[in-house]
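What follows is each chain in one-letter form.
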Amino acid sequence: MVNRSVEPAIHEAVDLDIQLKPYIGFTLDNGVEVYTIDAGAEEVVMVEWVFYAGNWYEEKNIVAATVNHLLKNGTKTKPAFAINEHFEFYGAYLNRSCYNETATLTLHSLSKHLPHLLPVMAELLTESTMPENELAIYKQNQKQRLSVNLKKGDFVANRFIDEYLYGKNHPYGKYTSAADYDALAQEELLAYYHKYYTNGKAMLFVAGKLPADIQQQLNKAFGQLPLNASTLADIQYQPQPSAEKQYAITNDSNGVQASIRIARPFPNRHHPDFTKAQVLNNIFGGYFGSRLMSNIREDKGYTYGIHSYLQNHIHNSAWLISTEAGRDVSAATIAEIYKEMQVLCDELVDEDELRLVRNYMMGSILGDLDGPFQIIARWKNYILNGLTGDYFYKALHTIRTVSAEELQQLATKYFNKDDFYQLTVV
Amino acid sequence: MIQYNRFVLENGLRVLVHEDTSTPLAVVNVMYDVGARDENPERTGFAHFFEHLMFGGSINIPEYDEPLQKAGGENNAYTTNDLTNYYCQLPAQNIETAFWLESDRMLSLAFSKKSLEVQRKVVSEEFKEHYINKPYGDVWHKLRELAYTVHPYRWMTIGKDLSHIENAQLEDVKQFFFKHYRPANAILVVTGNVKTEDIKQLAEKWFGGIPAGEKYVRNLPAEPAQTAPRELTIHANVPLDALYKTWHIDGRLEKGYYVTELITDILSGGGSSRLFQALVKEKQLFSQIDCHHFGSIDKGLVAVEGKLVKGVKMEDAEAAVEEELAKLKNGLVADAELQKVKNKTESALAFEDMSIMNRANSLAFYELLGDAQLMNKELDKYNEITAEDIQQYTRAIFTDNNSSTLHYFSKS
Chain A
-5 MVNRSVEPAI HEAVDLDIQL KPYIGFTLDN GVEVYTIDAG AEEVVMVEWV
45 FYAGNWYEEK NIVAATVNHL LKNGTKTKPA FAINEHFEFY GAYLNRSCYN
95 ETATLTLHSL SKHLPHLLPV MAELLTESTM PENELAIYKQ NQKQRLSVNL
145 KKGDFVANRF IDEYLYGKNH PYGKYTSAAD YDALAQEELL AYYHKYYTNG
195 KAMLFVAGKL PADIQQQLNK AFGQLPLNAS TLADIQYQPQ PSAEKQYAIT
245 NDSNGVQASI RIARPFPNRH HPDFTKAQVL NNIFGGYFGS RLMSNIREDK
295 GYTYGIHSYL QNHIHNSAWL ISTEAGRDVS AATIAEIYKE MQVLCDELVD
345 EDELRLVRNY MMGSILGDLD GPFQIIARWK NYILNGLTGD YFYKALHTIR
395 TVSAEELQQL ATKYFNKDDF YQLTVV
Chain B
159 MIQYNRFVLE NGLRVLVHED TSTPLAVVNV MYDVGARDEN PERTGFAHFF
209 EHLMFGGSIN IPEYDEPLQK AGGENNAYTT NDLTNYYCQL PAQNIETAFW
259 LESDRMLSLA FSKKSLEVQR KVVSEEFKEH YINKPYGDVW HKLRELAYTV
309 HPYRWMTIGK DLSHIENAQL EDVKQFFFKH YRPANAILVV TGNVKTEDIK
359 QLAEKWFGGI PAGEKYVRNL PAEPAQTAPR ELTIHANVPL DALYKTWHID
409 GRLEKGYYVT ELITDILSGG GSSRLFQALV KEKQLFSQID CHHFGSIDKG
459 LVAVEGKLVK GVKMEDAEAA VEEELAKLKN GLVADAELQK VKNKTESALA
509 FEDMSIMNRA NSLAFYELLG DAQLMNKELD KYNEITAEDI QQYTRAIFTD
559 NNSSTLHYFS KS
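Taken in sequence, the protein lines are chains A and B.
Taken in order, the first sequence gives residues -5 to 420; the numbers are from this note's numbering.
Taken in order, the second sequence gives residues 159 to 570; the numbers are from this note's numbering.
Here chain A stands alone, though its shape is the one from the complex (with noise of 0.2 Å):
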């Protein structure tokens, strides 16, 4: 009979030799950057545009997130119904997000098929129109979708905590009301489209397995396109964090669930703190075994969930701990939280769950980079990020090597209940 009272020796993960693959860079003939990764068995790929078109760049609010939206919505000589068709026919998923720096047109496909879909996505680039009918049925439908997320408290309070970071005018703390899609008008999309697509700054990121005549295929479709001509404006913003630390909303009189988020203000990934500071938050609230879990769920059932993480925002950052609790529980499970912050600013992390939790944040970072779409990801990260690839291994080297000591300093310098916000939405 096997012995089940021990457990299998294992290969200790913060000794594994984790490499990122590193991209073949290449430039079009109109010097867009691109970035590729070659690697996989299946004949898939994907071709992300990432634009500096995020609603940082936009002077009236939803317009970058509306013509991010339109963007395959009618060009010059297909309407939107051909465009879908189009790539819909060759099984090709072509999406589009806006971001608060960038924006993205994203491409997956199955390899054969690029040829017949790269001129299509540069003509969206170029001839895009954003037709009045097709703003009018957006207008429509979002403002339908709004009343409806409007209903839910985790959708309201997920906008309010932004608001408290960093203020109602700054891109990270702004939102949308139903006003402001009424008061969108097809020229200052246009214009804005004709900015900041067409004549706008960008580059390419694209994995998968890759055709030999990849560098060829996308330099044909993509290397005339007038981008990257002229330089990007240097928008600055302060955030305007709220006087006010505490909030209570009522939503829904009969909610059952409290949405509870806590957050604060942190520097961004450039700052010497924040990977010491992600695995802090690993140990606090970042994954299954954490604290906040382990305290708040597995021992107390108030949530089915809670987390704490670090925003990946460009500019600053915030750390935050989100969970929906029991509404009866709301105010029990906001003090177990700050009761986890006091014993991280207290007494130091032992030995067995530090090596537990640098086991995990590796093998975690193995599993991220399994595949060329989750490799590419990494990378447009770091670059986005203004980051090389050396900040990976001195990532790994702080998540081998921190110590008890300089986590519970970071605590002390961090977990101050009085540095957060608070908010409650029933």
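Hint data in this document are derived by calculation from the structure and do not stem from the laboratory.
Each hint should be verified, as a subset may be incorrect.
Taking lysine-lysine and the DSS-like style, the derived pairs with C-alpha atoms no more than 25 Å apart in a straight line are [unchecked claim]: (1) 292/B - 145/A; (2) 133/A - 468/B; (3) 332/B - 146/A; (4) 363/B - 137/A; (5) 300/B - 72/A; (6) 318/B - 146/A; (7) 203/A - 500/B; (8) 569/B - 146/A; (9) 439/B - 137/A; (10) 72/A - 106/A; (11) 294/A - 292/B; (12) 162/A - 137/A; (13) 272/B - 294/A; (14) 439/B - 300/B; (15) 72/A - 441/B; (16) 106/A - 535/B; (17) 133/A - 271/B; (18) 363/B - 373/B; (19) 441/B - 70/A; (20) 145/A - 468/B; (21) 332/B - 133/A; (22) 500/B - 106/A; (23) 294/A - 332/B; (24) 239/A - 162/A; (25) 300/B - 146/A; (26) 300/B - 145/A; (27) 137/A - 569/B; (28) 333/A - 279/B; (29) 468/B - 137/A.
Reference listing, derived: stretches of chain A covered by chain B, where coverage requires no fewer than 3 residues with Cβ under 8 Å from a Cβ of chain B [said to hold, decoys possible]: (30) 102 to 109; (31) 143 to 152; (32) 279 to 293.
Heads up, the beta-carbon is just placed ideally off N, CA and C, and yes, glycines get one too.
Since the structure of chain A is already known, use the hints to place chain B on it.
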């Protein structure tokens, strides 16, 4: 084409191994052939609740997650109406840790009273988060009850009523475990940077000694053919009126399942799909519309659901949906449109197969259906479907007598 090796231990545990040396990782996936459909109608939500208890310590190991995380691993699990699946991914060197953990909880749980008490509350919060504290959160509870009269698909995996979980006793938990969580009722799949010979040894070492137990024989009441339309109206505190309709379809292994999958893509598989183009873009009756099926193993449901544009009458919206369905019944889908949804399927299958985790999950699922080799035959089944098949099945499925309709009205 996914290659794999298969062997069966003496206690009936089926083991499948898919080797992939391009990754440093391995996945260990254990699928149990038990889901919400196997529950007692007075004890619904139990299969899912039980999934939570599987992390509350096993007979020799007080805590499941900690040793796995120490080995650099991550894990999760899910329960459906048909099955329960547990999976973990870790550096391939540490795969034995996963064998140790998974085999111990198949041998026996610790049946801790504390875990039972706490997970009752956790599942109760999960119930609130997903089904109570959310606009339209009760829709599928109501629709399942409307569409099914005897088959246990009439309740959701979270359960019919919170009290069923609140009243669960330790004795119920033990019975459920020894009835369903036996080797003969389980499938172990290992994928990633492993060798089949090593996995054979590890499987024998850790799972070989677990008593076979009795094979659970499923004997569920078949849902009788529906003979008249069913309707339900709800008025609730939601901002928009919404329409939900379901129709009964074939089971997972029948041809009708594959045809329905293509029908859902034709109707709402993207920006060029019929319902979206006609009802959201052209007629502007709906702000959102979707057609999907439940992917059930036994005879399932296909559903159309949509939120109405403010001011649109429910009967107009519903008539417009029927009109689109009538077009499918009365005409043949053009070659290009049929090719489009087949191409989409080809592409979706290729993306799905990218990760060793999805491959493990799929192998286990097809083995549970009866033959893992089915995984490699899926695309052919879709490619064989003709425009005539689509027409024939559309005529059979989308009839009034086969439909259940929920009119969900905004009170405001």
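To see whether the hints hold, each was checked on the structure:
no.	hint	result
1	292/B - 145/A	7 Å, holds
2	133/A - 468/B	13 Å, holds
3	332/B - 146/A	38 Å, violated
4	363/B - 137/A	60 Å, violated
5	300/B - 72/A	43 Å, violated
6	318/B - 146/A	23 Å, holds
7	203/A - 500/B	22 Å, holds
8	569/B - 146/A	17 Å, holds
9	439/B - 137/A	16 Å, holds
10	72/A - 106/A	23 Å, holds
11	294/A - 292/B	24 Å, holds
12	162/A - 137/A	20 Å, holds
13	272/B - 294/A	10 Å, holds
14	439/B - 300/B	30 Å, violated
15	72/A - 441/B	20 Å, holds
16	106/A - 535/B	21 Å, holds
17	133/A - 271/B	53 Å, violated
18	363/B - 373/B	22 Å, holds
19	441/B - 70/A	23 Å, holds
20	145/A - 468/B	17 Å, holds
21	332/B - 133/A	55 Å, violated
22	500/B - 106/A	16 Å, holds
23	294/A - 332/B	23 Å, holds
24	239/A - 162/A	15 Å, holds
25	300/B - 146/A	21 Å, holds
26	300/B - 145/A	21 Å, holds
27	137/A - 569/B	18 Å, holds
28	333/A - 279/B	21 Å, holds
29	468/B - 137/A	10 Å, holds
30	102 to 109	holds (count 3)
31	143 to 152	holds (count 4)
32	279 to 293	holds (count 6)
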